[in-house]
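S.K.: Hey, can you work out the whole structure from these sequences and the hints?
Chain order of the listed sequences is F and A.
Residue numbers for the first sequence follow numbering that gives the first Met the number 0, beginning at 0 and rising by one.
Residue numbers for the second sequence follow numbering that gives the first Met the number 0, beginning at 0 and rising by one.
Each hint should be verified, as a subset may be incorrect.
Which residues of chain A face chain F? A partial, calculated answer using Cβ under 7 Å [to be verified]: (1) 37; (2) 38; (3) 69; (4) 73.
No lab work stands behind these hints: they were computed from the structure.
Keep in mind the model is a prediction, meaning the values are calculated, not measured.
Heads up, the beta-carbon is just placed ideally off N, CA and C, and yes, glycines get one too.
There are 2 protein chains.
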Amino acid sequence: MKVKVIVTLKNGVLDPQGKAIQQTLNGMNYCNIDKVRQGKYFDIEINEIDENKAKSQVEEMCKKLLANLVIEDYKII
Amino acid sequence: MKVKVIVTLKNGVLDPQGKAIQQTLNGMNYCNIDKVRQGKYFDIEINEIDENKAKSQVEEMCKKLLANLVIEDYKII
Chain F
0 MKVKVIVTLK
10 NGVLDPQGKA
20 IQQTLNGMNY
30 CNIDKVRQGK
40 YFDIEINEID
50 ENKAKSQVEE
60 MCKKLLANLV
70 IEDYKII
Chain A
0 MKVKVIVTLK
10 NGVLDPQGKA
20 IQQTLNGMNY
30 CNIDKVRQGK
40 YFDIEINEID
50 ENKAKSQVEE
60 MCKKLLANLV
70 IEDYKII
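M.R.: Below is the structure:
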């Protein structure tokens, strides 16, 4: 099955890449863009039929590799 | 309001970063990981109350800046 993960910076952690995108959009005359935050997205194909097992394995992988829990949050969708 | 965008590589476009993550996971004894594809995620705060207007503006922004439509797809969620 496929499991999707979004990893985002925690609130309060500076995001210069998101800031650059926001400023670029403002410069392109999209003046109503107040904030942009960039994150990562993972599409994981896992050879496991049981949805709960797959998700708990992906959660473990997030903690160990995919996200840096000091500055990032993850969400399995 | 907040609009969320996921930008992923089109099928068939090589994703060395995803491949590296997959191999690392396999090396960490997660042997049932068949494929990993990495994408980008954007959290956009837009000063617009009408949801449809906001989404159509974000779609325009995806086409112009956030995604490279030759190799990437975008999804507004």
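S.K.: Which numbered hints turn out to be false for this structure?
M.R.: 3, 4
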